[in-house]
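Trainee: For the record, the sequence lines run as chains S and V. Just so it is clear: in the first sequence, position 223 is 223 by this note's numbering, and no numbers are missing. Just so it is clear: in the second sequence, position 207 is 1207 by this note's numbering, and no numbers are missing.
Think of the hints as simulated: they come from the structure by calculation, not from any bench. Possibly wrong hints are sitting among the right ones.
Said to hold, decoys possible - Here are some, though not all, of the chain V residues that point toward chain S, as calculated from beta-carbon distances under 10 Å: (1) I1069; (2) Y1148; (3) L1163; (4) G1164.
What the hints assert, rightly or not - Simulated crosslink set (DSS-like; lysine-lysine; CA at most 30 Å straight-line): (5) K1187(V) with K1226(V); (6) K1071(V) with K185(S); (7) K1143(V) with K1076(V); (8) K1143(V) with K1187(V); (9) K189(S) with K1076(V); (10) K1226(V) with K189(S); (11) K1074(V) with K189(S); (12) K1187(V) with K185(S); (13) K1076(V) with K185(S); (14) K1143(V) with K1183(V).
Unchecked claim - Now the stretches of chain S that chain V is said to cover, found in silico as 3 or more residues with beta-carbon under 8 Å: (15) 33-42; (16) 66-78; (17) 107-121; (18) 128-138; (19) 166-180; (20) 228-235.
Computed from a predicted model, the values in this text were never measured in an experiment. Where a beta carbon is used, it is the ideal one built from N, C-alpha and C, also for glycine.
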Amino acid sequence: MRNALMLALWLATIGAAAAHAAGRHVRLVVTRPYLNMHLGPGRAYPVFYVVARGETLTVLFSRTDWYKVRAPRGAEGWVRRRALMHTRLPSGAPAPIPPYPDFATHHWEIGAGYGVYNRQNLVTAYVDRSLTRSLDFEFVLQQAFGTLDDRYIATIGLRHTFVPEWRRFSPTAGIGTGYQYTQAKVPPKPLETSNQLAYVSVGARGFITRRFMWRFDWRSYVVFTHQNSNEEPEEWKFGLAVFF
Amino acid sequence: MEIRLGGFLLAAAAALGAPMLSGCAWLHRGAHHRPVLVGARTPSGAAASASARRRHDTAIIEPQVTRHIVKTPKIKSSDFEIGPYFGALSIQDFGTNPLYGARLAYHVTTHVFMEGYLGRSTAGTTSLQDVFPNITVLSNSGKHFTYYDLDLGYNVLPGEVYLGRGRAFNTELYTTLGMGDVKFANKDQFALNFGVGERILITDWLAMHMDVRDHIFETDLTGRVKNVDNIEATLGFTVFY
């Protein structure tokens, strides 16, 4: 009950923030002969209103590649990003439409994927920050589902892209470290539940379309234990990511 | 005529002579210049005089207007969606039970979105336990059915629905496919899931969802290894931000 109350309060806060944010809007002047307004954010939605050259639009907010706008006479509809590029601020300055993220110079990636870790199913999610065009910092969270135990793995690492200019396929190599937490499914309990590990990786990445990309990675781990020998599991995974 | 010519010559002499007569107090009657004129009699004072004049000149041309910075407000983006959902989950062999959870979605394009779910339900009893009430299949903690999913969603059919004569709401019928973890009977299982849902945008920032999804995973809970289908039907609300 208390959680539900907190959730309701939180939703109300977000709603209030959204209402408050509606106070200041960008106004843009149409510079093309006309601009189509759709009923919804998608090309499938019909055009129901046309704004003429010289008229001023109020931009309310954006959702993906579409912008919700208000026409001078009060009609509200959706305009494509590409169409809104042909507008200007009332001062004559270019419209503040952020450029579409470019694959070659993107800064962030968020992705998830499936893999196999030591012959166990693996679910992986990661965040990647580009330090330079060819060097990335990555933070990865993974869960491996074994018959005898589950492994939770968190790693940080650096990854080098050999030829970042190759868009569709570009090989990568990486190195990193992290922790592995082991949770037994059946008795007996594992001798060690928390271990540090290190890895080297080779892989590839490629651009798919728009803001999507794929990644493939093969990793060789060394899991440091207090036993006579370290564990040396291997892993491969394939993931889809969105870049910013 | 002579008076005019005389006046002109006097003015010209004053103008030409002024630089040469830096020590002349009459030509520098301004209050700012008096201390400089005193110092101007020594060689080091000449430099001081020049710097003072520069300062004086700077003071004259310094603009008295404050710079007005024009800030264009940013266009707010609203690509994230978050909210709770409630419904029923049919846990195979363990009856249909209430379910609650929360979702977070990021809309990448108008068609594609990434979504994460967290959900929880509690299993009931098996049919076997109806016949033999004393049998214990699941411990108390093992009755919890908890899952997380990472999904990719695709808006298949965008459209509109109408309420009465004057209200229209944008809708999207979507499909989702993903994978994640189901913790049931105190064991984590790798699970695949797929589903169909309808999103109705009540306002620009509030949406209602109706979803049906299936969580499939492998278990040996009832004695033999098999894939089980756990179908949920939920109603949810989300806020775009």
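Trainee: Look at each hint and say if it fits the structure.
Mentor: Results of checking the hints against the structure:
Checking I1069(V) against chain S: minimum C-beta separation of about 13 Å lies over 10 Å; hint violated. The beta carbon of Y1148(V) comes within 9 Å of a beta carbon in chain S, closer than 10 Å, and the hint placing it at the interface holds. With a least beta-carbon distance of about 15 Å to chain S, the hint placing L1163(V) at the interface is violated under the 10 Å criterion. This hint is violated: G1164(V) has a C-beta 18 Å from the nearest C-beta of chain S, more than the 10 Å allowed.
With a C-alpha separation of about 15 Å, the suggested pair K1187(V) and K1226(V) falls inside the 30 Å cut-off, and the hint holds. Distance hint between K1071(V) and K185(S) is unfulfilled; the C-alpha atoms sit about 58 Å from each other, more than 30 Å. Only pairs whose Cα atoms come within 30 Å are accepted, and K1143(V) paired with K1076(V) is rejected, the gap being roughly 44 Å. For the given pair, K1143(V) sits about 11 Å from K1187(V) by alpha-carbon distance, which is consistent with the 30 Å threshold.
For the given pair, K189(S) sits about 51 Å from K1076(V) by alpha-carbon distance, which is inconsistent with the 30 Å threshold. The straight-line distance between the Cα atoms of K1226(V) and K189(S) is roughly 26 Å, inside the 30 Å bound, and the hint therefore holds. For the hint linking K1074(V) to K189(S), the alpha-carbon distance of about 55 Å lies beyond 30 Å, and the restraint is violated. Pair hint K1187(V) plus K185(S) holds up; C-alpha atoms about 6 Å apart against a cutoff of 30 Å.
Using a Cα cut-off of 30 Å, the hinted pair K1076(V) and K185(S) is violated, with the two alpha carbons roughly 47 Å apart. Among the hinted pairs, K1143(V) with K1183(V) is consistent with the structure: their alpha-carbon atoms are about 10 Å apart, no more than 30 Å. Judged by the Cβ-Cβ criterion of 8 Å, the region 33-42 of chain S is covered by chain V as claimed, because 4 of its residues qualify and three suffice. Coverage of the region 66-78 of chain S by chain V holds. Counting CB-CB distances below 8 Å, 3 residues qualify, and the rule asks for three or more.
Remark: the region 107-121 of chain S is confirmed as covered by chain V, as 4 of its residues place a Cβ nearer than 8 Å to a Cβ of that chain, reaching the required three. Requiring three or more residues with a Cβ within less than 8 Å of a Cβ of chain V, the coverage given for the region 128-138 of chain S is violated, as only 0 such residues are present. Note: the region 166-180 of chain S has 0 residues with beta-carbon separation from chain V under 8 Å; the three-residue rule is not met and the coverage is violated. Counting residues of the region 228-235 of chain S whose C-beta lies closer than 8 Å to any C-beta of chain V gives 0; at least three are required, and the coverage claim is violated.
In this structure, the earlier hints numbered 1, 3, 4, 6, 7, 9, 11, 13, 18, 19 and 20 are contradicted, and the remaining ones agree with it.
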